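Peer 1: Residue numbering for the sequence shown follows this note's numbering, beginning at 144 and increasing consecutively.
Everything labelled a hint here was simulated from the structure, so no lab data went into it.
Owing to the predicted nature of the structure, the values given are computational and were not obtained by experimental measurement.
Worth double-checking, as some hints may not be accurate.
Stated by the list, open to error - Restraint-style ranges between C-beta atoms, simulated for each label pair: (1) Asp170 x Ala192: 29 to 35 Å; (2) Trp208 x Thr166: 20 to 26 Å; (3) Arg182 x Leu157: 35 to 41 Å.
Each residue gets a CB set at the ideal place from its N, CA and C atoms; glycine is no exception.
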Amino acid sequence: MPYAPLLSEEEVALALGRVPEWTREGDAILRTIRCPSFREAIALVVSVADAAEAADHHPDMLIRWRRVAFTLSTHASGGLTAKDFALAAEIDRLATRIGAA
């Protein structure tokens, strides 16, 4: 499977505007989501894992009680690609569904 093409700085800036809860840190985007409960944090992680498997694009996830920190970067491409922003939007959708902030 060919690597996803890297986004230009302008494309990254535009894409970040579509996922305003996410911030850029180097070659990655990050978001920490606060869930209503620990159980819902785990449910969010499971839902994101399912979405990640379907997209064949896997985030780093760190669970801390009711908070889940997500980091997205396309390591095979060496930076940010459209895959990162598509999964970020899906994570946002899944978080909204469980009432997370």
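Peer 1: Indicate, hint by hint, whether the structure satisfies it.
Peer 2: Status of each hint after checking the structure:
In this structure, Asp170 and Ala192 break the distance hint of 29 to 35 Å, their C-beta atoms being roughly 22 Å apart. Judged by the Cβ atoms, the range 20 to 26 Å given for Trp208 and Thr166 holds: they are separated by roughly 21 Å. With their beta carbons about 36 Å apart, Arg182 and Leu157 fall inside the hinted range of 35 to 41 Å.
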